[in-house]
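If you read the sequences in order, they're chains A and B.
Be aware that the first sequence starts at 0, since it is given in numbering that gives the first Met the number 0, and climbs by one per residue.
Be aware that the second sequence starts at 0, since it is given in numbering that gives the first Met the number 0, and climbs by one per residue.
Simulated from the structure, these hints should not be mistaken for laboratory data.
Be a bit skeptical, because a hint or two may be false.
In silico DSBU-like links for lysine-lysine, alpha-carbon gap of 35 Å or less [as the list claims (entries may be wrong)]:
1) A:K196 with B:K120
2) B:K145 with A:K256
3) A:K256 with B:K126
Just so it is clear, the structure is predicted and the values come from calculations on it, not from any experiment.
Residue-level listing of the chains:
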Amino acid sequence: MSRRTRTRLIRYGVSAVTLAVLALIALNADWTKLQESFFDPEIFADLFPQIITVAARNTLIFSFFGFTGGLALGLVLALMRLSTIRPYRWAAAIYIEVFRGLPALITIVLIGYVLPIALQVRVPGIYGPGSLALALVTGAYLAETIRAGIEAVPKGQMEAARSLGMGYGRAMISIVIPQAFRVILPPLTNEFVLLIKDTSLLFVLGTTEETIELAKYGRDAVNDTFNGTPLMAVALVYLIITIPLTQLVAVLERRNKRAL
Amino acid sequence: MTLPTPPSQPGSLDQPPAIDICDLYKSFGDLEVLAGIDIAVRFGEVVCVIGPSGSGKSTLLRCVNLLEEPTSGRIVIEGVDITDPDCEIDDVRTKIGMVFQQFNLFPHLSVLANLTIAQRKVLGRSKADAEAKAREVLERVGMIDKIDEYPARLSGGQQQRVAIARALAMDPDMMLFDEATSALDPELVGEVLGVMRSLAAEGMTMMVVTHEMEFARHVADRVVFMADGRIVEEGPPDEVLLRPANERTQRFLQMVENR
């Protein structure tokens, strides 16, 4: 038997087994029961418009402020990590290790409950502490990504910019950082999608009817209806948010390739 | 194009030199790359620095605009001591154009933006002024028809001409060339040397690190031969290149000829 026939036989075999497993599941599944429990059209219709106008909106608000804040923080931390001043490097390294190491849930509780008690301040609302906690976590992750991006820009770029009379900061802002962000666009998207999903942890802050985000909204609806349909609806909305986003980035990336 | 000094009178004696380097030392860790360099370049003068690889000639050039921090010694640009820690190096750098072996064009910017960004952000020129200047210098290097291209779409020789134009757009008083043709395919070397030759003819003060002996012989006012971090021999090109006095220079030139 030639190597080519053998490869082909193995490929057919794998396909056949996969199809058989899928068929087995499809034939044995209780489709009526599934539809009743997870795809009930009435329950589905009842979720609108709040699932969009409140829950999805809040998820997007938390994600937006969490990411913007995280990006700013990550950039500062990355520059500190690359600084020639040793205490800056240490401070940034410690911050990154701590907030990357902690589960996001713990950070959220720290910011939402521990910090207000410690400082004797009462921060009203959920948007502020929620977004802040997410920004602190995201910043730690993004710092390492951004640092890698900056280091990936050839040294000659900074030298060329400096030799034209630009100061270090100006050269970073106009020349190095724009190129770094092109390099790290894919991991940046990844972080954004992770952040969108991490907003589901904010329920621990006791989100109210106005500040409820998607996942909590779905779980509440499941409890009210004793039915899985709301979870399916919420899953669908998450995908409607994330898939266009990743596709948009793919388009941007293709466009950048032409210039670089 | 008006230049600080016409080529016919390269630097009067009472004028401070464009570049004045005194007793320059530079080490990378234990490795001593420059071991006491003294050299002055007058306005309007073209100085070619030659020597075997590892002789420290690139490091010397990079010290002139402080891309490398000297270990000790003094570098004075137009009367300003740039080794003084209080010196505003960014201001001095605008007077020194630098051209790199690897071109180092900004890949995320068009040719036009490559030429205007520093004019606008550093010199504070208006958009219209910066673009007019960019067109003028692109015309000089013969790249005006590529003004809207991105660097990645240009050949090496074209990229290097744009890089020269980018430096010229700042109206520098002097230009440094760090092996500007070493990364080019052989058939592209000529177009870049041509631009450099015309710059020299217009009276630009130039310090050129190069392996192009023909260029050095015909364009340089003075040739400096370096080896092991020291200046071994210097003088008019015909003297250094055709009748070298030093045995080290003779050996180097022989090896270059026989390649």
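Going down the list of hints, with the structure as the test:
no., hint, verdict
1, A:K196 with B:K120, "violated (41 Å)"
2, B:K145 with A:K256, "holds (19 Å)"
3, A:K256 with B:K126, "holds (28 Å)"
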